[in-house]
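Asks: Construct all of the structure, not just a fragment, from the sequences and the given hints.
Throughout the sequence shown, residue numbering follows my numbering, covering 1439 to 1677 in sequence.
Source of the hints: derived by calculation from the structure; they are not laboratory data. Fair warning: this is a prediction, and the values are worked out from it, not measured in the lab. C-beta: ideal position from N, C-alpha, C; glycine also. Hints should not be assumed to be uniformly reliable.
[To be verified] The following label-pair restraints were derived from C-beta to C-beta distances:
(1) Asp1634 x Tyr1530: 41 to 47 angstroms
(2) Thr1520 x Ala1563: 27 to 33 angstroms
(3) Ile1453 x Thr1544: 34 to 40 angstroms
(4) Thr1482 x Pro1611: 55 to 61 angstroms
(5) Pro1664 x Ala1563: 19 to 25 angstroms
(6) Ile1453 x Glu1661: 14 to 20 angstroms
(7) Lys1669 x Asn1581: 31 to 37 angstroms
(8) Gln1498 x Gly1471: 21 to 27 angstroms
(9) Glu1583 x Gln1498: 16 to 22 angstroms
(10) Gly1631 x Asp1478: 38 to 44 angstroms
(11) Glu1661 x Thr1482: 18 to 24 angstroms
(12) Gln1620 x Leu1493: 42 to 48 angstroms
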Amino acid sequence: MQIRLDKYISDAMGISRQDAKKLLSRGAVAADGKTVKKGDVKVTDSSRVYVNGKLLEYRQFVYIMLNKPKGVVSATDDKNDTTVVDLVKGDYPKRNLFPAGRLDKTSTGFVLLTDDGEFAHDILAPKKHVSKEYIVTLDKEINEEIISSFNSGVTLADGTVLKSAELMPTDEPMVVRVVLKQGVYHQIKRMFGVFDIGVNELHRTHIGGVQLDEKLAPGEYREIKPEELEKIGLNRNDC
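Replies: See below:
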């Protein structure tokens, strides 16, 4: 992959392209052993680029695991509420991050933030079937009939027929695990609503084969490791 040097520096340092060009014009940049002053020079992701003598680590995209707290909205910006992007933007000021999938304002757990649009599309695309797992606290107990209905595909009140979903009881009578392979608006609440069961709490624990890091307190985050990206369930060997 070839990339303009000014973009390489911008991505690697989290600065604007204009600031990258200033570094170049000052002679502060060396690429593969040569001082370079022009931003349109092409390099690759394996090039060795130094700024003021420091080797840059190039990352075209970033992938972040966030433990979303209650009261935070899954959006890039909001006039009234704190967003998931607000929680991380201090460490990524120049990245155009967005949530790859949403959780309701009152829900908690695993939100994946990235600036890789293709990756986010693949996570959400119905044909990819990337699963999401949740711990759900209900106001009533479930029974075998409801478990069977989830497995067969619940028909919502508006007639929408959903795909098969896993519903698993836990040791706590009104706490269950739910695994979905699609993303319909307020899906879990609407599914249980068919059986006149209310959802008191909803916490996402997994996206694909990746579990939310138990060390992350609400509001904390970390970057997702390359091996974890593969476990999400997509063929992303180039990530």
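Asks: State for each hint whether it applies.
Replies: Comparing the hints with the structure gives:
1. Checked against the given bound of 41 to 47 angstroms, the beta carbons of Asp1634 and Tyr1530, roughly 44 angstroms apart, stay inside it.
2. For the hinted restraint 27 to 33 angstroms between Thr1520 and Ala1563, the CB-CB distance of approximately 29 angstroms keeps it satisfied.
3. In this structure, Ile1453 and Thr1544 meet the distance hint of 34 to 40 angstroms, their C-beta atoms being roughly 37 angstroms apart.
4. Range check, Thr1482 to Pro1611: about 57 angstroms between beta-carbon atoms, so the 55 to 61 angstroms window is met.
5. Look at Pro1664 against Ala1563: about 21 angstroms separates their beta carbons, and that is inside 19 to 25 angstroms.
6. Between Ile1453 and Glu1661 the C-beta distance comes to about 19 angstroms, which sits within the given range of 14 to 20 angstroms.
7. The hinted window of 31 to 37 angstroms between Lys1669 and Asn1581 holds, with their beta carbons roughly 33 angstroms apart.
8. Between Gln1498 and Gly1471, the C-beta spacing of about 23 angstroms keeps the proposed range 21 to 27 angstroms intact.
9. Judged by the Cβ atoms, the range 16 to 22 angstroms given for Glu1583 and Gln1498 is violated: they are separated by roughly 49 angstroms.
10. Checked against the given bound of 38 to 44 angstroms, the beta carbons of Gly1631 and Asp1478, roughly 57 angstroms apart, lie outside it.
11. Between Glu1661 and Thr1482 the CB atoms are about 22 angstroms apart, so this pair conforms to the stated range of 18 to 24 angstroms.
12. Checked against the hint of 42 to 48 angstroms, the pair Gln1620 and Leu1493 passes, with Cβ atoms roughly 44 angstroms apart.
Consistency with the previously given hints fails for numbers 9, 10, ordered from lowest to highest.
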